[in-house]
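Residue numbers (the working numbering), protein chains in the order written: chain A, 1 to 406; chain Z, 407 to 715.
Honestly, the hints are just simulated from the structure, not real lab data. For clarity, every value in this text was computed on a predicted model and none was experimentally measured. Wrong hints could be hidden among the right ones.
Derived lysine-lysine pairs resembling DSBU-like cross-links, with alpha carbons at most 35 Å apart [as the list claims (entries may be wrong)]: (1) A:K82 <-> A:K105; (2) Z:K558 <-> Z:K586; (3) A:K94 <-> A:K105; (4) A:K236 <-> Z:K615; (5) Z:K537 <-> Z:K558; (6) A:K236 <-> Z:K537; (7) Z:K707 <-> A:K236; (8) Z:K615 <-> Z:K537; (9) Z:K707 <-> Z:K615.
Now the in silico label distances, taken between C-beta atoms and shown as ranges [claimed, not checked]: (10) A:L387 <-> Z:S540: 45 to 51 Å; (11) Z:E599 <-> A:V406: 28 to 34 Å; (12) Z:R414 <-> A:V273: 29 to 35 Å; (13) Z:E524 <-> A:L287: 31 to 37 Å; (14) A:R17 <-> Z:N442: 49 to 55 Å; (15) A:R2 <-> Z:G433: 37 to 43 Å.
Far from chain A, some chain Z residues (derived; all Cβ distances over 10 Å) [unchecked claim]: (16) G451; (17) L457; (18) T476; (19) R479; (20) A490; (21) G509; (22) K615.
Just so it is clear, CB atoms sit at the ideal spot from N, CA and C, and this is done for glycine as well.
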Amino acid sequence: MRFVWISALKDLRRLRRDPMALAMWLALPVFVAVTMNFVFGRQAAAPQGRLLVADRDGSFLSGALPGMFNQGPLSRMVLVEKVNEDSGRLRLEKGDASALLIIPKGFGDAFLNNRPARLELITNRSQRILPGIIEEALSVLVEGSFYVQRLIGDQMRLVSGNGRPSETSIVEASVAINRAVRSVMRYLDPPLIELQTSVVSDEPKQKKSFGALFFPGVLFMALMFIAAGLAGDAWKERTRGTLRRVACTPSPIAAWTAGKALAAFTLVLAVAVLGMAAGGWLLGVSLSHALPAVLWAGGSGALLYLLMLFLATCASTERMATFLANLVLLPLTMIGGSFFPSEIMPSSFAAIGQWTPNGFLLGRFKAILDGGMTAGAIAAAFAGLALAAAVSFWLVVRRLRGTFLV
Amino acid sequence: MIEVAELRKSYGDLAAVDGVSFTARTGEIFGLLGPNGAGKTTTIGCISGLLTPTSGHLRVMGHDVVRDGTAARRTLGVVPQEIALYDELSAEENLGYWGGVQGMRDPVLGRRIQAVLELTGLLDRAREPVKRFSGGMKRRLNFACGIVHQPKVLMLDEPTVGVDPQSRVRLLELVREQAKSGACVLYTTHYMEEAEALCDRLAVVDHGKIIAQGTLAELRAMLAEHDLLRLQGSFRPEAAREALRRIDGIEVLQADESQLRLSLAAASRRLPQIFSALAEAGAEVRGTTLTQPSLESLFIKLTGKELRE
Chain A
1 MRFVWISALK DLRRLRRDPM ALAMWLALPV FVAVTMNFVF GRQAAAPQGR
51 LLVADRDGSF LSGALPGMFN QGPLSRMVLV EKVNEDSGRL RLEKGDASAL
101 LIIPKGFGDA FLNNRPARLE LITNRSQRIL PGIIEEALSV LVEGSFYVQR
151 LIGDQMRLVS GNGRPSETSI VEASVAINRA VRSVMRYLDP PLIELQTSVV
201 SDEPKQKKSF GALFFPGVLF MALMFIAAGL AGDAWKERTR GTLRRVACTP
251 SPIAAWTAGK ALAAFTLVLA VAVLGMAAGG WLLGVSLSHA LPAVLWAGGS
301 GALLYLLMLF LATCASTERM ATFLANLVLL PLTMIGGSFF PSEIMPSSFA
351 AIGQWTPNGF LLGRFKAILD GGMTAGAIAA AFAGLALAAA VSFWLVVRRL
401 RGTFLV
Chain Z
407 MIEVAELRKS YGDLAAVDGV SFTARTGEIF GLLGPNGAGK TTTIGCISGL
457 LTPTSGHLRV MGHDVVRDGT AARRTLGVVP QEIALYDELS AEENLGYWGG
507 VQGMRDPVLG RRIQAVLELT GLLDRAREPV KRFSGGMKRR LNFACGIVHQ
557 PKVLMLDEPT VGVDPQSRVR LLELVREQAK SGACVLYTTH YMEEAEALCD
607 RLAVVDHGKI IAQGTLAELR AMLAEHDLLR LQGSFRPEAA REALRRIDGI
657 EVLQADESQL RLSLAAASRR LPQIFSALAE AGAEVRGTTL TQPSLESLFI
707 KLTGKELRE
């Protein structure tokens with residue numbers, strides 16, 4: 001046990017003397033985190049799209065149509081901007097908007113006179129969610145407009161006819177609209193559909209900010225890079241001859257490996273603690289379950305280190321080890337939910353990602369952090385983590401005692 | 407004490423060590439001399455427990471290396487060929503680590519670190535990262551890490567490779583001091599002069615086998631005070647051999663179209679006779695090198711080639 005500690009201390013000292021290595025491992029995750037914070041800050045994760053409107057009609061009604069998007073919650077999701085058709089198409093091609101709505105000439109007349117009119121909506125194909133929201137909202141508007149036309153179409157025709165309407169016409173139209181609205185009000189207010197509500201949780205789920213959504217993935221990205229970087233050190237020790245020198249001492253190779261894993265655990269734990277503190281402070285990450293989450297991150301880091309170490313010891317040369325590490329690192333980071341949270345990934349990718357080692361560990365981390373796991377489930381998860389680490393450790397020691405040593 | 411009996415280590419069909427036997431005693435420096443690839447490092451690897459022998463018996467201070475490896479390694483100090491140090495750590499920290507893995511603890515370890523730093527002349531640089539050290543200083547520290555725990559058996563695998571002459575002299579002094587203090591020292595080298603200057607007894611190794619073994623005097627006696635004469639020029643090997651056969655006491659060790667190697671007593675006095683015989687055989691001699699009896703000439707006599715070839 002003493003040798004495990006001596007070995008871990010040696011590696012931690014070496015890391016302290018080479019802060020550039022740690023900085024390089026953390027550079028990309030920190031960059032992603034800072035960018036997320038800079039772009040989104042603590043805002044709620046509400047996406048905002050831009051709808052360009054090209055109005056060929058120029059009527060009162062065509063002018064009123066885009067205004068519908070400025071009502072209620074839709075106004076927080078969609079920014080409406082009037083443009084001419086050519087510049088609208090150009091901006092859409094550049095990806096500068098989520099959709100372009102073209103209102104045809106004669107739209108107002110067609111609406112008032114109950115004739116068919118064709119609204120053209122061109123969506124940005126590089127976006128998935130926002131154009132869909134705009135399309136849905138527009139179809140609801142069109143459907144709503146149909147009923148409005150049926151209900152008060154005559155009165156609208158009266159006030160928007162040619163020339164300035166007389167005061168009598170306005171009063172007649174107003175009275176007629178009022179009567180029509182009153183007649184349907186008993187169906188609309190209160191609604192005939194009764195809604196029953198019940199409280200499902202004492203603590204209502206808080207909406208996560210974008211930064212908080214990205215935070216667990218970014219933290220695990222850092223763990224992956226640290227694990228890969230530390231695993232590469234086994235080859236350094238082999239090349240320098242320090243590993244063979246250790247093998248000539250009474251201290252077992254297993255203790256040397258355990259020391260390295262302990263150093264990895266300590267480093268990852270420190271990074272997780274700092275990361276959590278920064279996440280709480282800058283991104284509004286909930287820290288109510290920080291302790292088990294940090295311990296889980298530390299354990300995950302140690303397991304990922306052992307897996308990467310096993311991979312490194314399977315390589316025939318140091319260069320091959322680096323190649324193998326790079327080969328698995330980026331794809332696993334991508335699909336395991338570190339670059340893009342699984343919540344915004346296509347479901348098929350997210351389903352695959354959750355079965356990658358880092359994706360699985362990240363999923364549990366999120367559940368622990370969100371308080372979505374019972375104490376029993378957390379204990380079982382830690383037991384599984386310890387078992388996986390033990391198996392990985394055994395595999396690594398086998399490789400080290402075998403051909404890797406000589 | 408190191409006892410090696412019929413040691414064999416094979417990699418498939420290749421026998422890296424083939425039936426090596428020797429005994430290195432307490433308080434002596436035993437040299438393993440041979441060219442690169444002769445099997446010296448493999449032999450040390452087997453003794454230190456790094457490699458598992460294919461067959462044979464190995465004992466270190468009475469402990470069987472294969473069956474009781476941990477006990478055997480507890481008595482061992484190894485100075486490997488490569489500089490097996492942590493560049494980022496200081497000399498003191500390196501020594502602390504290597505002493506620690508040998509089971510040493512403070513305050514004994516602390517005192518011992520100071521002692522070996524003084525011994526190797528590194529005391530004033532103790533807290534400096536090793537990466538700032540010169541090659542010679544690193545070699546001395548590499549040695550210090552092998553002796554920090556005062557091993558009863560010290561194995562050094564070509565410890566002076568790439569070392570400047572000053573550091574080499576200092577290192578050899580340190581090795582002698584270890585033997586004087588009662589350690590059994592096993593020293594491998596391919597430098598003849600180093601082996602001659604340092605070792606009490608020697609085993610000459612080639613192609614995984616010991617081809618000669620004994621004290622320096624015993625090995626020199628094998629040459630029977632014969633000089634080694636090397637002639638360079640252009641020769642017809644068979645004609646040259648035939649011509650030299652007619653002169654008494656000359657042994658042709660090697661003959662090819664560009665050089666001849668001869669072993670003979672009092673070679674300087676017999677040069678005219680040799681030149682004359684070779685001239686008659688149509689040879690043209692352009693250069694002559696005469697070497698007094700040495701391990702180099704013994705090696706050439708035994709293997710027909712130079713140690714560094």
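These are the hints, each one checked on the structure:
| no. | hint | result |
| --- | --- | --- |
| 1 | A:K82 <-> A:K105 | 15 Å, holds |
| 2 | Z:K558 <-> Z:K586 | 12 Å, holds |
| 3 | A:K94 <-> A:K105 | 26 Å, holds |
| 4 | A:K236 <-> Z:K615 | 33 Å, holds |
| 5 | Z:K537 <-> Z:K558 | 30 Å, holds |
| 6 | A:K236 <-> Z:K537 | 14 Å, holds |
| 7 | Z:K707 <-> A:K236 | 42 Å, violated |
| 8 | Z:K615 <-> Z:K537 | 39 Å, violated |
| 9 | Z:K707 <-> Z:K615 | 16 Å, holds |
| 10 | A:L387 <-> Z:S540: 45 to 51 Å | 49 Å, holds |
| 11 | Z:E599 <-> A:V406: 28 to 34 Å | 31 Å, holds |
| 12 | Z:R414 <-> A:V273: 29 to 35 Å | 55 Å, violated |
| 13 | Z:E524 <-> A:L287: 31 to 37 Å | 53 Å, violated |
| 14 | A:R17 <-> Z:N442: 49 to 55 Å | 34 Å, violated |
| 15 | A:R2 <-> Z:G433: 37 to 43 Å | 32 Å, violated |
| 16 | G451 | 7 Å, violated |
| 17 | L457 | 6 Å, violated |
| 18 | T476 | 5 Å, violated |
| 19 | R479 | 5 Å, violated |
| 20 | A490 | 4 Å, violated |
| 21 | G509 | 6 Å, violated |
| 22 | K615 | 21 Å, holds |
In this structure, the hints that do not hold are numbers 7, 8, 12, 13, 14, 15, 16, 17, 18, 19, 20 and 21, in rising order.
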